[in-house]
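Visitor: Spelled out from the first residue to the last, the chains are:
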Amino acid sequence: MTPSTLTSTLQRAAGADAPVRTSNEELFVRWQQHGEHAARDELVRRFVPLARKLARRYNGAREPFDDLLQVACLGLVKAVDRYDLERGTAFSSFAVPTILGELKRYFRDLGWAVHVPRGAQELAVKVEEAQQRLATRTGRAPTVPELAQYLEIDVADVLDALETARAHHASSLDAPHDDGEGEGGSVVDSFGSEDPELLLADERVTVDEAARQLTDREREVLRLRFVDDLTQTQIAERVGVSQMQISRILRRAVARLGELTES
Amino acid sequence: MNAADGPIIALLLRSRPQTLTIVRGMLSGLAELLEMDPELLDDLKTSVSEACNNVVLHAYDDAPGPMEVRVYADRDALRVTGLASGGETAHGIGVSVIEALTREARFAPREGGGTEVTMVFDIEREGVPLLTMPEPAEAEQPLTLLPDGEIELSLSPVSLLSAVLGRLARTLAAGAHFSLDRFSDVYLVTDTLSAHAARAAATNRVLARISAAERRLEIELGPFRRGAGAALTSSEGDRMRSPLALLADEIEVRETAAGELVDVLVVDHRQ
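Protein sequences appear in the order of chains A and X.
For the first sequence, this note's numbering assigns the number 1 to the initial residue and increments by one for each residue that follows.
For the second sequence, this note's numbering assigns the number 1001 to the initial residue and increments by one for each residue that follows.
This is chain A alone, in the form it adopts within the complex (with noise of 0.2 Å):
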């Protein structure tokens, strides 16, 4: 779109009565499948105060709010172009992130170093996707850097990326494990092995309420991570989860065993 058709299409905007609420719902129909310009106008117009707190987060840069306003309302612009009402998401979280999309692009340009957060849930699903892609390419777990390469993004993102990934709680896999015998388990039976290498050989350390917590799955990684000594990525191939899953698994199944042998 041209400057002077958005523009217009603001100033039509602008102007344009409301006569009757008409649900976003149907003026995306309206506009989208039957090519209807008031529709999109009104659109338009009922999310321009979204463009605009979007675009005052930056205001008092160099640049006159105006002008930020209208990179903003641009995003807006393309925004209702794009949105995909099938998808069931609302149009306000698929509105933001282009929004913030286009106001990036033009700090860009300018040589800015404004860093626009993006929408981090939505970017940690992409990274997890490519970590997937490039891992079965490769054959090997990729690096951060190959990860914003492939994705051409910033590592920065790349790394606020996996950290979103991360936060996430895996979702229970397993019932807690109880094997219903009543026998306290030590950490060597949590790992399911007996190697003398996972603790001090007399003095066993019984965690028994703490081991019994461990999931089965939860056991079975921490068994091929530190017993077998595979990889992250050997280890979810094997056990059919994504390597990020995988993590989240060690990391909570560590935390747990910490709080068990502190006490």
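Worth double-checking, as some hints may not be accurate.
[Unchecked claim] Taking beta-carbon pairs under 10 Å as the criterion, some of the chain X residues facing chain A (in silico): (1) 1021; (2) 1025; (3) 1028; (4) 1046; (5) 1177; (6) 1178; (7) 1192; (8) 1254; (9) 1256.
Don't read these hints as lab results, they were simulated from the structure.
Every residue gets a Cβ at the ideal spot worked out from N, C-alpha and C, and that includes glycine.
The hints should help you fit chain X onto chain A, whose structure is shown.
Guide: Showing chain X alone in chain A's frame:
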């Protein structure tokens, strides 16, 4: 604010392009722990990035130079200072971005050259707190100038360590081309070290030094109470080997005047 309160976080590093990623990671870690409002975090990151950019781009003419970032939790504000010991830093569009995003921004020349920037952020909006303020920090101990390639962290209270150490270590591990397999082990290493600090730190301030080289990451952390390190290395005692012993390539516990220091080396041995 109690004038004696030190910064909750002091970070000393060499300015270089990666600096920005390191500092932003530190802020994200802190934000996560303090349940910081996302807009405040954006403002913090953007302002601090601009301040760092000025240093990276201008202060040292593209050559890495020492830089310090400190975060203070004042009674009614979050205060961040950035310090570079060379060049002119208070110019460019970064300044107007910083001024727009902070309650107050000051640029002061520093004795012996360089500029100190002080950025003050509101911690509440319309009466609603934007973060959980940490308990008061202990007084700061001096940081030493580091050899190339290392960052030094001073942090108080110790409860902040888990979020911050992990982010810093992983940022360096990423830059050192760790594969995600080994990168993920760094979570376990920093989690374990943070848990150790929570129960065995000698005071409520800890110091960490993190160094990275290609596929190598080294973390030194302390001071800890004497004798505490045995729990990590299992050289004696009656506990299971700590996850650290299973994950690290080397663990060394050293005695210093202030207490024990733990030195952990993690190497990515992939073929």
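Visitor: Could you run down the list of hints and mark each one as holding or not?
Guide: Do the hints match the structure? See the list:
1. 1021: 4 Å, holds
2. 1025: Holds. Min distance 6 Å.
3. 1028: With a minimum Cβ separation of about 7 Å from chain A (threshold 10 Å), the hint on residue 1028 of chain X holds.
4. 1046: 6 Å, holds
5. 1177: 5 Å, holds
6. 1178: 6 Å, holds
7. 1192: 7 Å, holds
8. 1254: 22 Å, violated
9. 1256: 24 Å, violated
Violated hints for the displayed structure, listed by number in ascending order: 8 and 9.
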